[in-house]
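From just these sequences and the hints, can you work out the full model?
Quick mapping for you: the protein sequence lines, in order, are chains L and C.
The numbering used here applies: residue 232 is where the first sequence begins, and numbers increase by one.
The numbering used here applies: residue 1092 is where the second sequence begins, and numbers increase by one.
Source of the hints: derived by calculation from the structure; they are not laboratory data.
Note that the coordinates shown come from a computational prediction; the quantities given were computed from them, not determined experimentally.
Beta carbons are placed, not taken as given, at the ideal position from N, Cα and C, and that holds for glycine.
Where hints are given, some of them may not hold.
[Stated by the list, open to error] Quick list of the computed label-pair ranges, beta carbon to beta carbon:
(1) L:ARG355 to C:ASP1334: 53 to 61 Å
(2) C:ASP1334 to L:VAL327: 17 to 25 Å
(3) C:HIS1309 to L:LEU401: 51 to 59 Å
(4) L:GLY365 to C:PRO1499: 50 to 58 Å
(5) L:VAL327 to C:LYS1442: 45 to 53 Å
The lines below spell out each chain.
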Amino acid sequence: MLINYLLRRIFQALVVMFLLLTVLFFTARLTGDPITFLVGGFLTADDIQKLRTAYGLNQPLPQQYLIFLWNAIHLDFGQSIRTHQAALPLVLNKAVVSSQLVFPALFLSLVLAIPLGTLAAIKRGSGVDAAAMGGAVIGQSVPSFFLGVLLIFVFGVTLGWLPVFGTGGLDHLILPIATLMGYPLARYTRLIRAQISETLTHEYVRTARAKGLSEARVVIHHVLQNSLLPIVSLLGVDLGLVISAGVIVEAIFAWPGFGSLLLQSAVARDYPVIQATGFLVGATVLVSAIFVDLVYGLLDPRMRLGA
Amino acid sequence: MTEETNYWNRYVSARLTRRRILQGAAANGLGLTVLAAAACGSGTKKSASTAGSPSASGSVTKTTGATGTVTTLKHGTLTGGFSSGGVGQTLSPNSTALWASEFYALYDQLARLEPSGQPSPKLTPALATSWEAQQPTRWVFHLRSDAKWSDGQPVTADDVKFTYDYVKDPANKSAIIGRVTTVDSVDVVDPNTVAINTKTPDPLIPRNSFFVHIMPKHYLGDPKYGDQAMGTKPVGSGAYTIDSYSQGSSINLKKNPNSWRGTTGVDTVNMRIISEDTTRIGAFQSGDLDMVDQIPLNQISQISQMKNRKTFLPPATGYLGWDVEYFDPPYNDKRVRLAFAHAIDYGAIAKTVYFGVPKPMQGQMLSGPTFGFNPSLKTYAYDPAMAKQLLQAAGVQAGFKTKMEFRPDVFQGQAFAEACAKYLQDIGVQADLVPIQINVWRDGLYGRRKRAPFMYDTWSSSASLEASIALQWMLSTNPGKFYNNSDFDAAYNAAVSEFDDNKRQQDYWKAVDIMNADPPGLWVVEGAVSAAYRSDKIAVFNPIGSPPTYFDELVLA
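Listed below in structure tokens is the structure:
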């Protein structure tokens, strides 16, 4: 039954979220005292203690943990130590800005990878295949920070075609999205090529050709749709990877998303924001994984028949 | 057949096919992309369109100076790139102890530090037109009568009292609480006169007021608004007010029509927070930015060679060097620490590790521009032979092992550590280099862990360039336990309670003399920072630090 299936997945997700919150709580506190970061070393020990009391940081750790868990259940992650703003709404606002990079990067990666991977598979062994695979290897090898800086210097500084930082018009999106696309585009191109190459060997493909269908029709209507199924299952997980990569890309391009916020909060040991961000990313990945599982079942009849 | 497959069989009707799902997903993906682009297009103002171009208004005003000369001021927009580190995270000045430029744009202080033509800046009237110490523990400030908040309300002594009381209260979690530790209470004498009472005589109250941004009682004190509202929609009495703000990304300022201060031409400021050095400098190079702060030292000469680009070195506020163990043997023997001091070639490190930009420190932990810097002291002579003799006399054998904790995250952190370790090796001391992260480093500063015999350090006198801010860490009562010298304590305590500038300076000199003969650390080079600006856009660029930059004092070309 749908209800039982969903309930089971939700229960699993809750267990994962509990473990995630616990890890976030303790690892954040392993990084050091946020008060000394806040005040830049200009306080007496007595003043530091007063501030720690005001922030609730002088309570025993188990007590802090239970308070944190209780508040987290009510979606209250406290106030940012640096800005005194409510942490979760702050992170949510920034997540909306980050989504302007993340979702287009994922979508465009897939859209471009499909024809590239298909061509590479059909023209296997040719120059097209070599170029596509060479590009894919480079895309997966080059770190995003290097690619971003390279794009800045080529298109921003040398050619002066595109702005290199911040938000603004559509042109501000191009370089950061292109940087974010580097790895997923390469990955999907290689995967699609491998999937299509494998699918082309199936008997039903030969049957379709034998029936007199054009090669284009065979590839698009028979091969491609079957080859994309494994890619769909990867999308849920890759969303988390792209969000992680977005932290670096946002720093390079001064994009005011939650990646930049997380980086600054991690340096400043802003526990509430670190925890709220980890919670949001974890929840996003979990929900998308459940969603992808549901969609995969819709797409693949074999899943429905319990094969 | 399992329960899941029953669900699929019932749910998937003839209308919901795999093809439709794929088509829907493609449409949603495209729709998300279009929505994202549309949302982005309605977001923050485009930075490039306002930078590197003629000023927005191009208007000109003429002012006549005291000598009758007419000065033409060009009005326009400035776009600046600023590294992060506390900048732009919030517009509330309670959030950070750093001296961010936007706070000096949005808010007033009782007094402001200005370039003086001398190494150390001078204190000038700001919100307060004058001040005097009525008693050693009572400072009276006379406020100007024409100061107004950006919402039109008058600035009064009540606001000053409110600000100090607010910052002093730990419940308000103000990051600048450390600037008011000597303040006991604040009295309103009349609407334009306020008195600050201190616990002990404190001659530095006016100078430390530079760090205390006066905040509005009617706004910050109103529960409807409070510090959260100050963080995003502040009310201040500075030369500028907020036009738009994107946290951690951009701060757009416009001239505050209610401010008494006015500007010298920069009526609009677009601050862009760009933490990545490469991006910030790339944008400056391409003309998207009119000025940038915190240029890496190895880029200064490159930028100086660019057309219409100049660099600017504000006064160094501190040093780069090492805290050296003071209490445990053999380091508790000052001959050992003096040996280390003479083992280092300070000039060579300044030249090779730091590209010839900063000056070597002169035998003290205070930089040249600091009030209290002793000009009679010289850089410790590089004399490895003498260093070996001192070690021998102290009974330290060749091959002595030690540890140096360095910070790899700071500019040239590893290179600096390796250079110093090599000099120690030359006198027979084997240093094991241990990289530490900033949180570990701070634990060492506050005495929460045992430091290695050498720990990288960078004490600063802050932009106020007053010696006490750095020297206070060397008091025997400091929890960091860096030093224990009763003569130093006496000289320091005399200095910070001395109202006469000349006498105070003498007391500081005495304190650093004592440290020079019995050094608790190695003070190697000045902690230099650099800014850069477009000389075709900005005619006068003379900030007291990097930060802060006073935008209201910049003159456009």
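Okay, the hints, checked on the actual structure:
Distance hint for ARG355 (chain L) and ASP1334 (chain C): a CB-CB separation of about 57 Å, consistent with the stated range 53 to 61 Å. ASP1334 (chain C) and VAL327 (chain L) have their C-beta atoms about 22 Å apart, which keeps the hinted 17 to 25 Å range intact. Separation of HIS1309 (chain C) from LEU401 (chain L) is about 43 Å and departs from the stated range, judged on CB atoms against 51 to 59 Å. A beta carbon spacing of about 35 Å between GLY365 (chain L) and PRO1499 (chain C) contradicts the range 50 to 58 Å that was offered as a hint.
Range check, VAL327 (chain L) to LYS1442 (chain C): Cβ separation about 49 Å, and the 45 to 53 Å hint holds.
Taken one by one, the earlier hints fail for this structure at numbers 3 and 4, listed in ascending order.
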